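Student: Work the whole structure out from these sequences, hints included.
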Amino acid sequence: MLFVVSKVYKMEFSKEPNFDMLTAKDFTPEKYVKKLSQNYVGGSELQNLRRKIKSLSEETSSNLKKNVYENYVQFIETAKEISHLESEMYQLSYLLSEQKSLLSALSTTSILEDMQPINIDRDNKLNEKDFEEENKQKLAAILEKVEGCKELLEVPGRTFLYEGDLLEIDPTENTSLKTVHVYLFTDGFMITNRNSNSRGLMKYVYEIMYDLSSLAVVNVRDLGNVKHAFKLLIFPDTRVFQCSSNSNKKEWLDKFDQAKKTRLAQEQQKRESITEKSPSRSASIESPTYNPFEEDMGTIHPEWFLDIPEELDVCVAQRHFEEALSLLQKAKDYINQTASSSEKHDHVLIDIQRKVEQRQNSLTEVLMKELEVNPDKSLQGGLRAARRAVRLLNQLGRETQSCNLFLKLCSSMLRTQCKRVKREGSTTTYIRHLSSVVFTNMCHMSDEFLRAFPDSPACASAYVVWASNELLQFTTHLIKQVFMPQTSLATITECIILVRTQCERLYGYGIDLCYQLDGALRSSLMKALRDARDKLIDSIKLRALDDKWIPMNLHSKSSLGRCIQEHAQMGLNLESYVSGDTWLQLTASTLSFTKMFLSLLNDCMKLKTTELMYTIDETLYNVFEAQIRHNENALRTELNQEQRTFLTKNAEFLLVNLIEVAQKKYKENVGYECQTLQKLRKEYVALQKGVSPTSRSTKTKYSSEFI
Amino acid sequence: MAKKLAVQPSLHKVIMVGSGGVGKSALTLQFMYDEFVEDYEPTKADSYRKKILLDGEDVQIDILDTAGQEDYAAIRDNYFRSGEGFLCIFSITEDESFQATQEFREQILRVKNDENIPFLLVGNKCDLEDKRKVSLQEANDRAKQWGVPYVETSAKTREHVDKVFYDLMREIRARKMDENKTNNGRGKDKSKKKKHCCLFMCC
Ligand SMILES: Nc1nc2c(ncn2[C@@H]2O[C@H](COP(=O)(O)OP(=O)(O)OP(=O)(O)O)[C@@H](O)[C@H]2O)c(=O)[nH]1
Ligand SMILES: [Mg+2]
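Note that the protein sequences, when read in sequence, are chains A and B.
For any residue, its number in the working numbering is found by taking its place in the first sequence, counting from 1, and adding 11.
For any residue, its number in the working numbering is found by taking its place in the second sequence, counting from 1, and adding 29.
Some clues are possibly wrong.
Residues from chain A that face chain B, not an exhaustive set, calculated with beta carbons under 10 Å [said to hold, decoys possible]:
1) Phe246
2) Thr249
3) Gln253
Since the hints were derived computationally from the structure, they do not count as laboratory data.
Being a predicted model, the structure only gives us computed values, none of them experimental.
Beta carbons are placed, not taken as given, at the ideal position from N, Cα and C, and that holds for glycine.
Tutor: What follows is the structure in C-alpha cells.
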C-alpha cells in the first residue's frame, strides 16, 4: 500500500516544485512528512498543507483512473488489430500457396506440354496436399476454439472428420445431462464442454479425448422416450448422446463407421508393412498372423498391445501423461488377463511386460522431474501447476515420492515469497507482512496438500513434519528480527501476538502449531522479560535519586483533572489524594511507576503462556519490589514527620491500590491472583504503618541479584 | 446415490453374440416387440432397453445386439466388456455357426476374466427342423462341457424366446446378489476371488 501511494506521488507531483522530494529515489513517506512538518509551523499552516496534498492526491487518483481507462481502450483496440492481422496473414499465406501451385502448374504445362500423365500425377498430389493443408487449418481452428487441447496437433496424421453439438444423456436415468460439442478424428473422439467464462474466442473447454480403438459405438434403437441417440462404450463407462434428428444420428454413425474402418485398414496395412520389412519377425512367434505352427497353442496378441511400448514412448515424449497412464493400465490389464488364461510361458508377453515396466519407470521419472525444484523454473503457476504431476504419480502408486517432492516445492515457494517481503518500516509492520505471507501460503499449501493427498496417513504425517520445520525456520528468523536489545517489550508483544493470530489460521486445516511456536519463542521471551525487568529497575533507581518526597504539583486544574481521569481508566481512584487545586498527595515517582508497571503487566498478560508464568511472576515481583525498596530505604533516612506520613501514604497507594488493580487484571487473564505480588504485599505490610519491615525474610527466591 | 438406485429398477445388461444371420436381431426384436422380421439386414451394434417384471420384481433389461459379421471381430472386445450376461446364439441349420460359438465363448471369458459369467448357449431357428445340421446331442455336450444351459429357440414361432432372456436375467441377478454379499462381508473379497479364479484356470 505504501508503495502504491509513493508511486502515485512520484508520477504526478513532479511538476510541483514544493514536492520535488517526492520524486527522489529514496523517498519514504515518514521522512517526507517529518521534513514538511519541520518547515511549517503551527496548526493552520500544516492543515493548509494537508489540504493541498489531499487535493493533489485526489487529482492524481482521478488522473490515474483516466489513464488506466485509456490504456485499456488502447489495449482492446490493439488486440482487435492483431486478430485482424492474423486472419489477413492466413489469407495471404493461402493466396501465396495457391499462386505458387498455379505458377508451378503453368511452368510444367508450358514447357512439357506433351507430358500429360505427369501433370495428372501432380494434380493428384496437389489435391492431396490441399486436403492436408485444409485439415491443418481445421485443426488450428479447433485449437483456437477449444481450451486445453494443445496436444491436438501432436499426433501425426490426425485428420478431422466431423463435429457437432450433442446432448449427453444419463445412461441409467435417461435424463439429459448437458450439451457437449464433440469432434471426431480419424483416431479419436474428443468431447468438449461449453466454456462458461469464455471471453469470445475459446468457446469450449476440453473434457476428454477417447482413443477410437478403445471405444465401441452402439446405435440406441430403444431407450424409452429418448430418441435419436447413440451410445459409446468406453470401458468401464457408458456415455449416451442424443442427436438433433434421425438423419443427424445416421450421419454420426456413418462417420464413426468410416473412421473405424479406415483405422482398421491402416492397422492392417501397418501390420503388413512391418511383416514385409522384417521377414525375420514374421518367422518368429512375435508376429501372430503368420505363424502356421502355433495356431491353437500360442496366444495371439492384438496389434495395439504389441505397439504399446512405442506408443508409451510417444505419449511420454509428447507429455500426454494421462494417455500414457491409461495405456499402461490397459497393458497391465491385458497382461494379467492373458497370463492367467494361458498355461505356458509366453515370450512376447514377457518381453512386452518388461518393456512396459521400463516405460512406467521412465514415466515416473519424467513426472518427478516435473515436480522438482529447479532454479530456472518459474514458480509462476504455483502449486496448481503441480496438481497434474502429483495426481498422476499418485495413480502410479508413487505417493511417497510425490508427497516429498510436493513438500520440497512448497518449501521453495515459501522461501521465494518470503524473500519478496522487504524489511522496511517498523518492526511491527515487517512482521505483520511477513507472518501474513508465511501463514497465508501455508494455509494455501495445506489446502492443496489435502486436495492432493486426501486420505493417506503417511503423507499427512510427512506434512506435519514439513509444517513444523517451516515454522522452525520462520521462528528462527523472527527471533533474529524481533528480539533485539533496542526493541521494547511492547513491540515484541505486539509482534508475537500478530504471529500467534496468524498461526491460529492453520487450525482450519487441522494443524495446530501454536504450541510449537510458543515453545520456540519461550527462551527468547524469557530473556526479553528479564531484559525489560532490568531496564525498568534501572529507571526506578534513577528516579529514586531525584525523589524529594514532596507532593506533585500539576500546575493547573485541567491537567490535574486529566491525570485523575487517566488513572481512573487504569482503575485507580486518585480523588482522595487531591489537595488544593493542583496538588496530588503522591510523588511523581510513584505515579510514573504506576503507569510503567501497569503497562508491563499488560504486556505480560498478552504474552502469557503456562511456561512463561514463572518468569512473568518473577518479573512483576522484582520490578515492584525495586520501587517498594526505594520507599523503604527512604524511610530509613532522615525525614521529618510530614515527609514520613507522606511516604507511608505513597507506600500504601502502591501496596494496596496498585496491587489491587494489578491483581484484578492478572486474575482476569490467568484465573487466579498473582502469588508473588500477594507475597510482596505481605512482606511489606509494615511499610504502611511507617515501619521498616525488618522481620521479613531478607532474601526470597524472587528477589533479584540486581538490586 | 442410494435414492437414485431405489427409484430406478435394477438394470441387467445382456449381450447377443453369434455368427452373422443366426437370428440375434430376430430374437431381440421378437422379445422386444413380438415381431418377426423376415428380411435380413446385418447389424453393427444396436441397443434396446425394456422394463419387465422378473419374478414379481421390476427390472430393466438392456440388450446389446452385436454384429455377427466377421469384419467387426477385431473390435468386439470393447462391446463384450460392458456385458453382464451373454446369449451365445447359433443356427441349428448351420454347422459353421455352431463351431463359431467356441470362439465367442473363449473371447468372452478372456475379456470378462470370469469363468462363471452368466451365459446361455442358444440354438435358434428350431422351427426349421427339416434343415437341422446340428444335433441336439452335439449342442448339449458342448453346453455341459462349458457348464452352461442349452436352449433351442425360434424367433419365428416365438418358442422359448422369453425363456432364454428371463433365464439369463435370473442368472445375472443371482450373480449380483452373490457379489453384494461377499462385498459387504469382506471389503476386498473381489481381488481374492479373482486370484482364486486365476489359480483355477492355471491348474
Ligand atoms: N425360420 C427362421 N428364420 C429366422 C429365425 N431367426 C432369424 N431368421 C432369419 O434369419 C435371417 C437373419 O436373421 P437376423 O436376426 O438378422 O440375423 P443376425 O444374427 O442378427 O445377423 P447379424 O446382424 O448379421 O449378426 C433373417 O432373414 C431372419 O428372418 C428363426 O428362428 N426361424
Ligand atoms: Mg443382427
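Student: With chain B as the partner, please determine if glutamine 253(A) meets the hint condition of a C-beta pair closer than 10 Å.
Tutor: This hint is violated: glutamine 253(A) lies away from chain B, its Cβ roughly 13 Å from the closest one there, beyond 10 Å.
Student: Could you check if phenylalanine 246(A) really has its C-beta closer than 10 Å to a C-beta on chain B?
Tutor: holds (4 Å)
Student: Let's test the interface hint: is any C-beta of chain B closer than 10 Å to that of threonine 249(A)?
Tutor: holds (6 Å)
Going down the numbered hints, you'll see the structure goes against just number 3.
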